[in-house]
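Enquirer: Given the structure of chain A, go ahead and fit chains B, C and D onto it with the hints provided.
Here is how the chains run, residue by residue.
Number of protein chains: 4
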Amino acid sequence: MPKKLFSIDLNKKMDQQAYPGHNRWHPDIPAAFSVEPGESFRMECLDWTDGQIANNDDPSDIKQVNLNRVHVLSGPVYVNGVKPGDLLVVDILDIGTFPEHEWGFNGIFDKTNGGSFLVDHYPHAQKSIWDFNGIYATSRHVPGVEFAGIIHPGLIGVAPSQEMLDEWNKREKALVDTDPNREPVLANLPTEDAAVLGTLKGKEFQRVAKEGARTVPPRENGGNCDIKNLSKGSRIYFPVFVDGAKLSVGDLHFSQGDGEITFCGGIEMPGWIELRVNVIKNGMEKYSIKKNPAFNPGPVMPNYSDYIVFEGISVNEFTGKQTYLDANTAYRNACLNAIEFLKTRGFTGEQAFMLLGTAPIQGTVAGIVDVPNACCTIAIPREIFKKGVLPEMDED
Amino acid sequence: MPKKLFSIDLNKKMDQQAYPGHNRWHPDIPAAFSVEPGESFRMECLDWTDGQIANNDDPSDIKQVNLNRVHVLSGPVYVNGVKPGDLLVVDILDIGTFPEHEWGFNGIFDKTNGGSFLVDHYPHAQKSIWDFNGIYATSRHVPGVEFAGIIHPGLIGVAPSQEMLDEWNKREKALVDTDPNREPVLANLPTEDAAVLGTLKGKEFQRVAKEGARTVPPRENGGNCDIKNLSKGSRIYFPVFVDGAKLSVGDLHFSQGDGEITFCGGIEMPGWIELRVNVIKNGMEKYSIKKNPAFNPGPVMPNYSDYIVFEGISVNEFTGKQTYLDANTAYRNACLNAIEFLKTRGFTGEQAFMLLGTAPIQGTVAGIVDVPNACCTIAIPREIFKKGVLPEMDED
Amino acid sequence: MPKKLFSIDLNKKMDQQAYPGHNRWHPDIPAAFSVEPGESFRMECLDWTDGQIANNDDPSDIKQVNLNRVHVLSGPVYVNGVKPGDLLVVDILDIGTFPEHEWGFNGIFDKTNGGSFLVDHYPHAQKSIWDFNGIYATSRHVPGVEFAGIIHPGLIGVAPSQEMLDEWNKREKALVDTDPNREPVLANLPTEDAAVLGTLKGKEFQRVAKEGARTVPPRENGGNCDIKNLSKGSRIYFPVFVDGAKLSVGDLHFSQGDGEITFCGGIEMPGWIELRVNVIKNGMEKYSIKKNPAFNPGPVMPNYSDYIVFEGISVNEFTGKQTYLDANTAYRNACLNAIEFLKTRGFTGEQAFMLLGTAPIQGTVAGIVDVPNACCTIAIPREIFKKGVLPEMDED
Amino acid sequence: MPKKLFSIDLNKKMDQQAYPGHNRWHPDIPAAFSVEPGESFRMECLDWTDGQIANNDDPSDIKQVNLNRVHVLSGPVYVNGVKPGDLLVVDILDIGTFPEHEWGFNGIFDKTNGGSFLVDHYPHAQKSIWDFNGIYATSRHVPGVEFAGIIHPGLIGVAPSQEMLDEWNKREKALVDTDPNREPVLANLPTEDAAVLGTLKGKEFQRVAKEGARTVPPRENGGNCDIKNLSKGSRIYFPVFVDGAKLSVGDLHFSQGDGEITFCGGIEMPGWIELRVNVIKNGMEKYSIKKNPAFNPGPVMPNYSDYIVFEGISVNEFTGKQTYLDANTAYRNACLNAIEFLKTRGFTGEQAFMLLGTAPIQGTVAGIVDVPNACCTIAIPREIFKKGVLPEMDED
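Chains as they are written, first to last, in this note's numbering: chain A, 1 to 396; chain B, 1 to 396; chain C, 1 to 396; chain D, 1 to 396.
Isolated chain A, as found in the complex (with noise of 0.2 angstroms):
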């Protein structure tokens, strides 16, 4: 087991652990620990939502969750040696769950705050609890299937510039601005509520959490791009805007169907993750990453190949209207077509929608030309029903 060690201590929330992690970006958070080029370490990690989630039948948790006292991240790694213009090199060795939990939840967000991609269809909190049996995955709140997960960070990234994070809050303030009221949030604004900053005390607290960015959204820096297959063994080019790089590391799922589209999340846990770090001195430049990482995934994501495939084209499901290859549009019909199967076979939509959240499904931009539809794709492993779950023909 590598030496250097972010510990968490399950039964506290982040602000109270030995040292705290941070849920907001920003390049002056104190770095945890330093590490050297070469070196392995283990992180631990918080669900992403503090420990706000009970591993019970009840959603009112999920509906009155605090969205400000997210993502608790562990870190930041301040990486010696490295600087702007570098590409850290991050090896996610391995990454597991903590013995004492071997459980976690997948919610659809409430309207009222949060929301989810199908919010307009699914207004209302739901929860589903999953308890790990080793590498599969079952839900008492969804019965029927059993999975291999794709265990992953949900959030992974490095620091921003102050500059850079200028023009974060620039762009995603003109955006609420243009219609600051609505529920959902079109974005989430910096806030001083439930900020945690690692060490960061008095004044220099308050600066930082007046500015520092949400964790939210993926941006240039990585972030939280809830990418299911940036899995074990997976290696990551980060570009570096920072001296030190600062990375930090959080919001692990057991699973995640592409999209996390209940928003709330995959299947969101505490857990480790062993991590080992590289540089490649002026790579911003020499490999023209110079804007969220790239990725080689790891060679260990669970052989699933017999898919199930639906497809949707963006036309708006509600009023017919004709869109322009709006791919979000697209992919949202294509899972509505998914549950609406899905519903033929056993589910409840609640259910459908919970199930796309959380397996190995595949969401694809297949068609992004052809005037003025866009098709995307959702695609259901065939392997995590327990029953046969094809259309029967007449025949047969």
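Calculated directly from the structure, the hints in this document are not laboratory data.
Be careful, since some hints might not be right.
Which copy? The list can't say, so a pair holds if one copy fits it or any two copies do.
[Claimed, not checked] Think about it this way: if two alpha-carbon atoms lie no more than 20 angstroms apart in a straight line, the pair counts; the simulated EDC-like pairs of lysine to aspartate or glutamate are: (1) 170 <-> 61; (2) 13 <-> 192; (3) 291 <-> 204; (4) 12 <-> 179; (5) 286 <-> 166; (6) 63 <-> 193; (7) 83 <-> 243; (8) 12 <-> 100; (9) 111 <-> 58; (10) 387 <-> 306; (11) 387 <-> 15; (12) 290 <-> 193; (13) 4 <-> 183; (14) 286 <-> 131; (15) 386 <-> 306.
Expert: Below, chains B, C and D alone, put in the same frame as chain A:
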């Protein structure tokens, strides 16, 4: 070999074939022939442009292509006993090239005539010719890569009902009316120019040509979905809207990247496809597959398993403006990030763009809820490059 | 399509073809044509028995097959400039069936004429006919299964040197001499009966026929390796023993299980194969590939990933006698265990046996050191069965 | 984490553990604990040699290992209600390393003490230490490779009945009697030396030690099958021979090549395994699984898909003598061919040999009927090499 056949003479245009196919969607286009459920048959197909593109180094034909002639389809095939409300089950038994035509083309459409997914970055027409060496494709215009194609029909669909057709025309006209002079056009509306409508003649021809929907976009009937994984061995479940279903197919691709981002298109080719049809009576209601086909992909996709992946988020790359979960923008940025990287590996921007349009790359909707940024990824198989492409670490 | 061609008339025997191929290995069989390194060419092939087996339900032709006529090969092809000591690099670009012959056969050879791997359990001749539906095979003689074949040449090899040939004949004769009257024979020695030797005539024919090695076993030159994964897209590195290498190919299989345990054989068929050749000068020494080819399998094997696996150990199944690490016995027991299981799932023993000989099953040397038992396994893809085959747990 | 536990103290030998396991097969070894069908539990395991091998560069411990102490197993576990004739269904839910012991060993046994599959080529003891970096293994003794292990128990089995045990001892003694002084031994017969038999003491210990079968070979009860694909997520169907089945497990491998050709062994390690048991009443008859378990491998094997493959045939490599379909000789020649090739790529013969014993290489029975030569292949994933290994063509 199945007996029933839609034959093609490669030296003739579609309207001059022994039995002309069609390039519009309309319930009244006469069937080319009929089959029984359970029967297999072979369809020969021209390339989607009706032979407008030549095997040379000059992209003028791409620039000046008459898009009113696309997509020339083989069919329709009438399936005896099939009624609206049924599901038509179509097995793609095999697909192949003609021995006398072992090449295909890819191109970037010009901004003034079709455009592409990256039209504002690459506004000028380009062309690449791809040679088929058995299962592999190579191009003198994109040296350094060789890959096994996932051969598939870009377009396969059933006839719409008159009511559905009217709805298509209405919603697409409403979109065009918002900006009728836009280049490229927002949608292609019905036109008599270059229409091919099977054996229809005279007044019937004129009526159908006037209201026949263009084949460019995918729609509720399937159509031009451009799904690269809808390959050999796949089984498709089509909702049926007219008696006999009236199945048509064309736009064969030797290979295509997800999104078909160059628009013209994947690796386009004439060829043949073997199909088998079956029926599930009243299957639309039974399985709730009422619009857009569902499918089960075949088992012989290339086993590429080692990818380099690029991410993109939904911030406009020219203005820096923040959009709200715009997956189209996110995928565009992922493509642009990939191209910038490939430019450091010896490709021109245009070559890299055409490579993403032709190779079996995967486009994924990774995260679609983390307001305000969607995250899309593009994954390129490392095995297609003749030399290593991954960034090298300093200590390697 | 490549220009150079070895043509076959399906209505004629090999010795009646425009250019006759051969069914013996000898350095002096004249080349059918020559090619340059880098060149592609197409070889058409008869089935390995020279058309002795008919598409009917009667196994008499299997029982009475003249094994002196096998394997009729297409070639040899002389590769200009290639010398002993080089490596001949052969790319299998594609393989296919003839549209007018979309079926193949599998059979269990009779104990009195060839025998099989399970000859003492299944001593009587049997036959199954397999129909090709595009990429899929089904059989009226083995209902309940359908699978995508891994199409491959059972036999591909280069000519031996005279010295190597003499060594083969010597060592095989020594084996036969230990039990000359055994049924089935221990090895097939040279015989003039039914020999086909290209354009050789008269005395030369007689000389070569007398010493030409039979094509039955794989040897240092490749030959009848019956490797199911040597399929489309594979690259083979052959050691070269004579000027021009003299490459020959035949015995095409639509599909085969590892071991080809029925002996007659996989799914046997006539068809065509496209090859491309290159050379590595002095490659035998450089890469120490001096006997037996090495190869890199192609990327388009079926993605079957869900198997039911049976084990066998090296204890004789009749006598209970313990052998020492006898992998042959271990694999035989694994096959027998699989067959006994399949008999509880609705197959006869003969059907199960022929299924293991034809489907893409995997035979593995699992453990070969744990004295005194070798452990071999046989893995059957679950996806090939139309209905579920796994044992069901009591609580399911 | 499952509650029921077989605990191990890594600093103690097996016979000193709180509850000692066993290293012999006998129906009368007392169960360590009992579980109900449906229950999950965790077994901690010592390495198979009982800690005889140290993490250093000196192979003396390999040479002098006391093989009478192997394999130390955890268990037996009694499954309530299970009877002879039932099938015991065992799910391997997960397997892992101990954080305080993230390394394993591989070795070539000396000819005078165990030997190996290539004992006449590599008669001297060798050792390689492998470090675990999350899912990856590397070795200072075999530089230039890194691979994701397919972690699995080399040994898992149920207790034999007394009748079955007697049969084992009888048949193995008969084999040893054919050459009692052979080096290495033909089989390991029962011996009291170093026997560990759970809580047995006194006369009972002596009786059981005298007749307890050695754990070295795989047998009808499963046992030391060394099947590399019996990994996480697998489901095994064991025939049951005694009340409660009495399941035991040990010999964990971080990784192993097919055949475990070095004998000592794969990458050997202590660790833990999580199991879940169920029962199929009278399943032995119902599914005809009467000897040797069947299994369904798990879905998380590494996705290596690009191999370099070597062939071997059944001609003795020293004498040139022709054997009759001897798969053992054929696989040995395939291994030797692979090693000779790897020696041209920078490895010593011993390194190459140990690499084939540890990496996820595939050993296949390709052809087993083409008299007189069996053909076996060994396939090495190209992805495990840090630099390219394929032969380069002259024009590349």
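Enquirer: State for each hint whether it applies.
Expert: Hints, verified against the model:
| no. | hint | in the structure |
| --- | --- | --- |
| 1 | 170 <-> 61 | neither (32 angstroms within a copy, 45 angstroms between copies) |
| 2 | 13 <-> 192 | within (17 angstroms within a copy, 57 angstroms between copies) |
| 3 | 291 <-> 204 | neither (28 angstroms within a copy, 56 angstroms between copies) |
| 4 | 12 <-> 179 | neither (37 angstroms within a copy, 57 angstroms between copies) |
| 5 | 286 <-> 166 | neither (26 angstroms within a copy, 54 angstroms between copies) |
| 6 | 63 <-> 193 | within (18 angstroms within a copy, 56 angstroms between copies) |
| 7 | 83 <-> 243 | within (5 angstroms within a copy, 60 angstroms between copies) |
| 8 | 12 <-> 100 | within (15 angstroms within a copy, 26 angstroms between copies) |
| 9 | 111 <-> 58 | within (17 angstroms within a copy, 54 angstroms between copies) |
| 10 | 387 <-> 306 | both (14 angstroms within a copy, 15 angstroms between copies) |
| 11 | 387 <-> 15 | neither (45 angstroms within a copy, 46 angstroms between copies) |
| 12 | 290 <-> 193 | neither (32 angstroms within a copy, 47 angstroms between copies) |
| 13 | 4 <-> 183 | neither (43 angstroms within a copy, 49 angstroms between copies) |
| 14 | 286 <-> 131 | neither (45 angstroms within a copy, 32 angstroms between copies) |
| 15 | 386 <-> 306 | both (14 angstroms within a copy, 14 angstroms between copies) |
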